[in-house]
Every structure is written in structure tokens, then in C-alpha cells.
Amino acid sequence: MQVSNSYWTLFCNVYRKDVTLAFRQRAEIVNPLLFFLIVITLFPLAIGPEPALLARMAPGIIWVAALLSTMLGLDKIFRDDYMDGSLEQLIASPYPLSLAVLAKVAAHWTTAGLPMVVMAPVFALLMNLEPQALGATVLTLLIGTPLLSFIGAIGAGLTVGLQKGGILMSLLVLPLYIPVLIFATSAIDTSIMSLAYSGQLAILGAMLAVAFVAAPIAISSALRVSVS
Amino acid sequence: MWKWLHPYAKAERAYQLCNTLLPYFAVVSVLSIVVGWIWGLAYAPADYQQKDSYRIIFIHVPSAILSMGAYSSMAIAAIVALVWQLRNAELAVIAIAPVGAAMTAIALITGAAWGKPMWGAWWVWDARLTSELILLFLYLGVLSLYHAFEDKKAGGRAACILAIVGVVNLPIIHFSVEWWNTLHQGATITKFDTSAIDPSMLWPLLINILGFAALVGAMSLVRLKNEIMQADKHRPWVRQLVSRG
Amino acid sequence: MQIEGPNGAGKTSLLRIISGFARPDEGNVLFNNQNIAEDYDNFAQSLLFIGHRTGVNLQLTAYENVQHWLGVHGYGCTEDEIYSLLGKLGLVGLEDVPARTLSAGQQRRVALVRLWLNQAKLWILDEPFTALDKRGVAMLQGRFQEHLDSGGSILLTTHQDLTNSFSSLQTLVLEYRH
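Protein sequences appear in the order of chains B, Z and A. Under the working numbering, think of the first position of the first sequence as 1, with each following residue one higher. Under the working numbering, think of the first position of the second sequence as 1001, with each following residue one higher. Under the working numbering, think of the first position of the third sequence as 2001, with each following residue one higher.
Think of the hints as simulated: they come from the structure by calculation, not from any bench. Treat the hints with care, since some could be wrong.
Capping the alpha-carbon separation at 25 Å, the derived lysine-lysine pairs in DSS-like fashion look like this [what the hints assert, rightly or not]:
| # | chain 1 | residue 1 | chain 2 | residue 2 |
| --- | --- | --- | --- | --- |
| 1 | Z | Lys1153 | B | Lys164 |
| 2 | Z | Lys1051 | Z | Lys1225 |
| 3 | Z | Lys1152 | B | Lys164 |
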């Protein structure tokens, strides 16, 4: 037995565990996607199937649906580890808790955000989105969904110790999602008009960079409170 | 900082400090709100465009400013609570939150009431009103998170973390909403601009802002006193206080 | 050191405070004259904690659980070593089934494998004998002796009396106070 002193090992182990678990219960990956699809289906039924109207509303609908379906998996991100004591073991590990948290957020994005990015073109077609906006849709989801995972994990960390944390978590997290929603939909809107949308993407990227640094600290202090 | 704060880390001293400060805040707030409202509502000249309906400004603007002021004081208390691990600062966060939420609600209601004669609708997705609404959500988040915890100590710390996360996000939210608004709407709201306000209206407004600030301070102090007593309800000094009173 | 006391006396709370999960209302926890709150990760290097909730994931297999724990704590170990240890603890043939199909005592054993796989000086164990059979208890106490002989310390709570006699045993009795 030797001591392998590597942050990378920790990151990989935590990441691999969460991704493995998600793939063992495939419903965890598939259900949010189905939810995404169903929410999108509801809109044409509610407001009418007129292609022009749908195309006008598509960016907003796709993004609201994306917000809601990432919320589905958020509650689970720390819940099982809290219940079975793995969270205590992570805290009692000699490595920084924020690193383990980063791995867990990355795993959440891989299983919740990434499938949405991949499926986005299909949903965009369903909503009759202009073809030139496809790139913007995929790009905003690619930058925006990790941001959703980071922000959402703060809420999940704060509420993991509570009996019924799920609804409360959405109340905490959704207001914080507003900037992401605004810039992402505006980027898609701009791309529909065939204008440059790199500004909005840059702002999303900047927010992601800030979240990458700051969110793990907030999440790990939230987890320490929840475990105490 | 630490040396200066240290004595107030003790609940009893903090309680006494609240007692000392409370009368000043109360007197200032009652005086300035009475003077400000009489001056503003009865004596200040009517607006040439909005006639008398603009007078709601004397409630709307102070409450809107204080809703944000209270949030920043709450966040400062939260940072102090987490960095120096002061339980009293945690209690201050919990004490300020409902007062700030009330200010936000007042700002929203008066904003809507003002919007009816001005824009012909109770609610318009104006940037400031929208930001204010989101601010209310953030306040409610802090409050409901605190109340969801059975262990109030953990709840207090969780609320502090959320308050800090909120204050980091607030400028981003505000900026994004502002930007969203200019993108989607024309400038229908320049009438709201208070920069070119006449001194005869400005003075009562400033007095009202002072009054509201003192009111927020006074109400937070009363709540802080209660929170400290509740947290320490089994300590001898609280028992003594209660049996004496 | 063994901590005794009736239910609700605060045994678990004490262990959680010493392990640094909960914060004391007053005072500090010192380890080697260092406040553990100041450099927690450094303290964690010397700490092995197994609580009521053992940290065994029920969806993962016994082998995966051990593997994951090793990775999280920075210990490296070959596959053979893990399998032989799992065998030693009576989990032969059960290494590759999800832990949820194991009995309570077997799940506890999966967690206790860690006692053979760490270099921590201080073990903090909350009711380690729960659900273990006699053989398991005896084996565990044998391992305790080895750890003590190599200069380590153990802090544990238990309702059972220790059957082995440990020469350096100290007992702290917590009483319920109104």
C-alpha cells in the first residue's frame, strides 16, 4: 500500500463514481431529457402551432425548458452522499472539499447538461427555429448549462440536510438563473437576425469563469453547514 | 476590527448595545417621516406633468433605496458572521431580512400603484421594478432557508452563505435586467428619472429617505433583541431580564 | 479511549465535534497543539472517521466502494490486496454484487475494510460493532490492538463491553444533564 498524493486521483474518483451511478440507473439521464421534450411539446399545444410564432418564441422556450430540466437532477447531486455518509468521508479526506465538489458538479453536467446540448438541434427543429440560429443555440447551451450546474449546486448544498429541500432549492436557485437566461436567449435572438452574438457569449463565458472559481467555495461551505 | 467587535460577541453586551441605540433610531425615524410626509404630501409643489400622483415618490423611492440598503447591510453582517464566526452577526442577518423584504414589498406595491396612472397598467416589466421583484425573491429565499432548518444555528449559517451568494449575484442580475430591458423596450420610462428633481421636492425626499433608513434600523434592532433573547433563552441573564420585566 | 453514556448523552455529537464536522459552541479542538479548524485538511491526513452512516454506497459493489474510498483519501492499493482483504473479512464471492443486496453486518464490514487500508494515526469510530457477529467483533478488536501497538490512537463509542483487554484503555463516561 502506498500513498498516492494526487488531486487528480481524487477528482477522477469522485467524477467516475457519480457518472457510473448515473449510467447504472439510466432513468436519471433519460428522464430529464424526456421532461425537456415534453415541456417543449406543451408550448405549441398551448399557444398554437403557427410556425412564425413558434420560431419567435423558440429561444425562450428552449432555455426555460433547459432550466427546468436541470433542476430535476440537482436535488440528487448531494442527497445520496449525504444520506449514506459519503459526504462525511469526503470532508474527512485530506484533500480540499472544493475539489471534490468541482468533480461532482462536472459529473452533474456530464449527465444532465451535456445530453441537452447534444439534443438541442432536434428540439430547435421541433420549434421551427431558424437554421442560422442552431449554432447559437448549441453554443449558449454549451456555456450556459455548466453555469446552471454550478449555481444549482449551491442551492443543492444548502438544502441537502433538509427533509423536503427540493422545492425550496428551486426557490433559491431560479432567481440566480435569470442572468444566464437573459444572455443566452438574447444571443439566440441576435443570431436569428444574423448579427454577431459573440458579446453575449463572452458575458456567459465570463460568468462561467467566475462561477468556476467562486462556486466550489460556496458549495463546500454550504455542505459543511449541512453536515454539521 | 476584531478588538472593536470582540465585546459585542457576547450576547448580553450586544443586547445592551441594541437597547442604547434603539431610542435614537426610533426618534429620528418618527420625526423625519412625520416631517417628510407632511412636507412632501401637503406642501411640496405638484408636478407639472404628473400632477399630484407623483407624491407617491415620497414612499416609493425611500423604500426602494432602503430595500437595497438593507440587503447590503444584511450581506455585510453575513460576511462578518462567517469570517469571524460571530453568532450575533448571524442573528443580525435574520433580524434584517424580513425588514428588508417588507421594504421591497412596499417599493413594489407603490411602484405598481404609481404605474397605473403613469403607464395605464398595474404592472409593467420595467427594469427597476423587475430587479426589485427579483430582490424580493432573494430575500424570501434567505428567510425560507433559515426557517426550513430545525437546527437554528446551522440555519443561520446557511442563510449567511445564501445572503453572500445573493449579494455577489445582485449586480449581475441588475445589470442583465437593465440590459434586457433596453433591448426589448423603448424608453417609455424617462419620466421616472429623478436626477432633475426640483429642490422643493428633493428636500422632503431626502428627509424621507433618512426617516426610512432610521426606521429600518430601529425595526432591525427590535428584531435583533428578540433573536438574541430567543437564542439565549436558557441563559441566566435572559431569565433575570424576563423575571424582572 | 472508549466513550460511554446513555442514549442522548452526546457521544455522537462529541465525536462529530472532535472530527471537525460540527462546530463547538465554545472552545476549540486541538490536535498536536493545532486548532483543527485552522488547517482541517492537514488534520484530516491523520484522521479516519467511520460514523453511523458509514459512507458505503448501496448501488456500488463492495470492491468499488473500497476503491472509491481509497481514491478519495489518497491511498493507493493493488486489486489483489483489496480482494484478499475483502476475503479475509468474510466477503468472498460478494465483492462484485451491489452493496444493497448485502446484509447489514456485511455492509458494515465493507466500511470496516478501511481500518486495514489507512495510515491515519487517529481513528474515530462511532459504534463500530453495530450489526457485527462475534467473529467480526473479535477480528476488529485484534486490528485495534495492532493499531495501538504501532503507536496509533482510537476513540470509539460502544454499548458493548470490549472483550479483549487493552492495556491502555481509558473510559470517558458522559452523563445526561438537564
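Results for each hint:
no.: 1; hint: Z:Lys1153 x B:Lys164; in the structure: holds (19 Å)
no.: 2; hint: Z:Lys1051 x Z:Lys1225; in the structure: violated (43 Å)
no.: 3; hint: Z:Lys1152 x B:Lys164; in the structure: holds (17 Å)
Going through the hint list in order, the structure does not satisfy hint 2, though it satisfies all others.
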